[in-house]
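Protein chains: 2
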Amino acid sequence: MNFISSRENPNIKLCQKLLSSKKYRKEYGMFVLEGARLCLDAAGEGVPFEFVLVSSGAFEKNPDELKILEKSSGGRIFEISPDLAQKLSDTGSTQGIFAVCKTLDKKDITSTICNNGKFIVLDNLQDPGNVGTIIRTADAVGISAVLLCGSCEIYNPKTIRSTMGSLFRVPFIENCDLREVLDEFKKKGIISYAAVVDFDAVSLTECDFSGGCAVVIGNEGRGLPDEDAGMCDKKLTIKMKGSIDSLNAAMAAGIIMWEMTRK
Amino acid sequence: MNFISSRENPNIKLCQKLLSSKKYRKEYGMFVLEGARLCLDAAGEGVPFEFVLVSSGAFEKNPDELKILEKSSGGRIFEISPDLAQKLSDTGSTQGIFAVCKTLDKKDITSTICNNGKFIVLDNLQDPGNVGTIIRTADAVGISAVLLCGSCEIYNPKTIRSTMGSLFRVPFIENCDLREVLDEFKKKGIISYAAVVDFDAVSLTECDFSGGCAVVIGNEGRGLPDEDAGMCDKKLTIKMKGSIDSLNAAMAAGIIMWEMTRK
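Top to bottom, those sequences are chains A and B. Under this note's numbering, the first residue of the first sequence is numbered 1, with each subsequent residue one higher. Under this note's numbering, the first residue of the second sequence is numbered 1, with each subsequent residue one higher.
For the record, the hints were derived by calculation from the structure and aren't laboratory data. In this text the structure is predicted, and so the values were computed from the model without any measurement. Warning: the hint list may mix true and false statements.
Same chains, same names: a pair is fine if it fits in one copy or spans any two.
Listed below are the simulated BS3-like cross-link pairs for lysine-lysine, each with C-alpha atoms no more than 27 Å apart in a straight line [as the list claims (entries may be wrong)]:
(1) Lys187 - Lys71
(2) Lys13 - Lys234
(3) Lys23 - Lys102
(4) Lys71 - Lys23
(5) Lys67 - Lys102
(6) Lys107 - Lys241
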C-alpha cells in the first residue's frame, strides 16, 4: 500500500474539498464516506470507490476488511498518517478510513414511483441529521423510495453518517419538483397525504395505507406551506397527547413511515 | 436593565461554567437554558430563574417576552453584549437569551411509578441528542415518566436543546438503579419489556400495552446487555423489513413509545 505523507497530494486535496463543500461535490460528482462501517456497507452494496485512504494502523487488526476495501477500490488504496486522517475528518475522533465515490446515479421519477409503493417526500427539510435519520428509518421499515424536494443535500457528510449506509439501499431522488412528484402519484393511483399540525386533519391511525400511498413532510421550523399541503389528496396529523409541536421532523416522519408499513 | 460588559462578572463566569461541564452543574445544582423558546417554555411551566442574560437588541422587538422572563427571574435580568452572548453560546449563531435555573427537584421512584402508567427506561444511553429527542417524544405521545439508568446527563446543553422544553413537562428521574426500577414495576403490576434485536422476541405490534407497561431501551452501540434484558418480564423487538440495525436508539424508542400509547 502506498503511503501519502503530503497534504498537497491531489487525492488528499480532492478528499478535503469533497468533505468541505456541496459546491465541490457537485462539481466533481463525487462524495466521501468516512468510517469502517459505512465504507464496508457501501462495498457490500457494490458501490465502486474512486480511491480509499486508510490511516496507519487503522486496519492492522482487520486485514479482511482491508481486503474488501482494496477490492472495491480496484487497488487504489493509500495509507495516510493519523494526523492527516484527523485533519480530513468531519468527526472528533476519526477511525481514519475514507472512501471517495462517485455520486449515485440519479433515478428517474417515473420509474421510481411504482404502483402500490409507499413513498416519503421531504419538502424543504434542512437538517442533514434529520434527512439521514429519515433515510435510515425508511430502510428499516421498507419504504419504496424517498423523494427530496428542495431539501438539504444527501451527500453532506452529516447526512451520510446519519443514514448509516441506508442511502445505498433505499432508492432516493434529490431535487424533485413537488408538483411533478404529485402528478406522478396521481397517475399511479397513489394517495398523497400532507403531514400537518391541524386537529381537523385525518388522524394518522385512521389513514388507510393498505394501497399505494405517499406522505409529504415539511420543513423543521415552518412545517409544510399551505400551498404545498393543498396540492396533496388529503391531510394527516399525528394527534398528540402532550405539547402540540413536540415531535421533531425526523421522529414525525419515522412514526408516519412506521404506520404506513405497519401490519 | 443592568448592563454586564465584563467577562469577569460573576454571573457570566457562573453561566460559562454551567454550560461547560457536568461537574459544575452538579456542584452548583444549576443549569442553563439557551434560546427564547426554551426560556419562555420554562417560564410558562413555572420554572423559577436564578437570573437571565439577554443580548443587546435580542428582545427589542419582543417586549412582552422580555417581561415574562423578567418576572420569572424576579427582576434579575441583565443585558450583555452580542459578543459576550456568542462567547457563552453552545450554538453557532445564538439568539442571545440565557436563563440560569436550579436543577429540577429529583423525583422519587416509588411515587413516580404509578399503577397503569406507561414508562420508558433508558439504560446507558450516551448521546445527548438521543436522550433529548426521547424526552421530547415521550411528552408528545403522553408517556408517564422517563427513567434514566446510567445514561448521559439530562442538563447537558445538547440534551436540553433537543428536549425543546419537554423536560419541564415529562416527569423524569436520573441515575436510577435498573433493578430498583424493575422491582417497583413488579410491585405496581407493570409489565416490563426489554427492547432487543432478536427475531425470537415478541414483535412490537403484538405486545399488549393496554395496562401498565414499561420498555427498557439499551445503549446506542451495544444495545441492552443480556443481564439487564434478562431482568425484564418479556423481550420485544421491532421487526424490520430492511437492514436489521437500521433504527437509531431515539427512533426505536420513539416508535416503541408510539405503540405503547397508540389507541
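- Task: Enumerate the violated hints, using their earlier numbering and listing them in ascending order.
- Result: Violated: hints 1, 2 and 4.
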